[in-house]
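Chains as they are written, first to last, in numbering that gives the first Met the number 0: chain H, 0 to 136; chain L, 0 to 136; chain W, 0 to 136.
Hints listed in this document are in silico derivations from the structure and should not be mistaken for laboratory results.
C-beta atoms are modelled at their ideal positions from N, C-alpha and C, and glycine is treated no differently.
You can trust all of the hints, since none of them are fake.
Beta-carbon label-pair distances, calculated as ranges: (1) H:Glu100 - W:Asp89: 33 to 39 angstroms; (2) H:Ala92 - W:Ala66: 28 to 34 angstroms; (3) L:Ala92 - W:Glu100: 38 to 44 angstroms.
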Amino acid sequence: MASSPASPRVVVPTKALPAPRFRYSPVVVAHPFAFVSGLVGLDPATGALATGGAYGQTVQILANFTALLQEQGWSLSQLVVARLFCTSPDGAASMNQAWEELFKDEVPPARTSVIVAGLPLGAEVEIEFQLVLTQGA
Amino acid sequence: MASSPASPRVVVPTKALPAPRFRYSPVVVAHPFAFVSGLVGLDPATGALATGGAYGQTVQILANFTALLQEQGWSLSQLVVARLFCTSPDGAASMNQAWEELFKDEVPPARTSVIVAGLPLGAEVEIEFQLVLTQGA
Amino acid sequence: MASSPASPRVVVPTKALPAPRFRYSPVVVAHPFAFVSGLVGLDPATGALATGGAYGQTVQILANFTALLQEQGWSLSQLVVARLFCTSPDGAASMNQAWEELFKDEVPPARTSVIVAGLPLGAEVEIEFQLVLTQGA
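Could you put the whole structure together from the sequences, leaning on the hints where they help?
Have a look at this one:
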């Protein structure tokens, strides 16, 4: 099930993110980019959604993402774009609050944010990330 | 209407996918990536949505995508990320079932999945794909 | 707050787009791609959503995007993929009308279009763009 050595796609093993509940790879690298699957706010310790509604779930997503960065030796300054999905306008305000705390002293990435009708596992927030790993040729 | 030879963007002609009903290019390559437009489950033989609800439509989308891979000489192992849109939680379960059948013996890509309020042509499922074609420099 | 010189990510200053209302960078380049944040139809002159519903907002988004292209020396032929979000089926028809006018004589990009439950600032349409800037190695 591992990527072929000849493949330009590398599935990155990670212990920083909760185990997938569906059939996907949490992190895939295709140079010069790393693609992180849309994350919901699962607490790796319990496997359940974090408490605290959209705010708490966003804090958890960003904590999981930050743990991934530390594990892989990546940094927030390599984040090029994030896509944020939330299930209500009120939730979006809470999501934005948690987001702004993370990027208080960091240059933020490009971003697309929409309100959707629902998310996997009954989550209120889902965020997808794309990083650049090296200078493109 | 063809891409300029000097353009780093190449619009890929394909007979594997149904003709666009809207103004977009089904497949665009910008090295090292190929971008496949969000596909709904149109049967190329009839031009209509496949029967069988979200499950049947997902099977059709994945069949069309697989036909594209064969036509272009690409493989599932080059798929880096997919974005799945579905119009109901029940539909998402059916969509996941068809998805899991395709990736039963294949390493899956990164993935983002959300439930939306609606899709073009009254579809229940839409999936967007991004592949990596060559090793990035 | 500027990108580190060593960073492969470059945040592009622009006067063509309305100032962000949330914490994100409107345009980020990671070679060979430029990522443009999801834009809603804000009139740069007033800072308010353009009039004319989904059609008027889409015209405004595409005018802002076109101004960005001119400012940066980029062209529509470098647009590889766009993601369109709209809040109603009727709005989607209007959005498509404005879209088709822009691409009347231009090869369109890959595209994903979905109907969502809501958008920031009460917008009816949001569009995200990705361009390729140079031939990938």
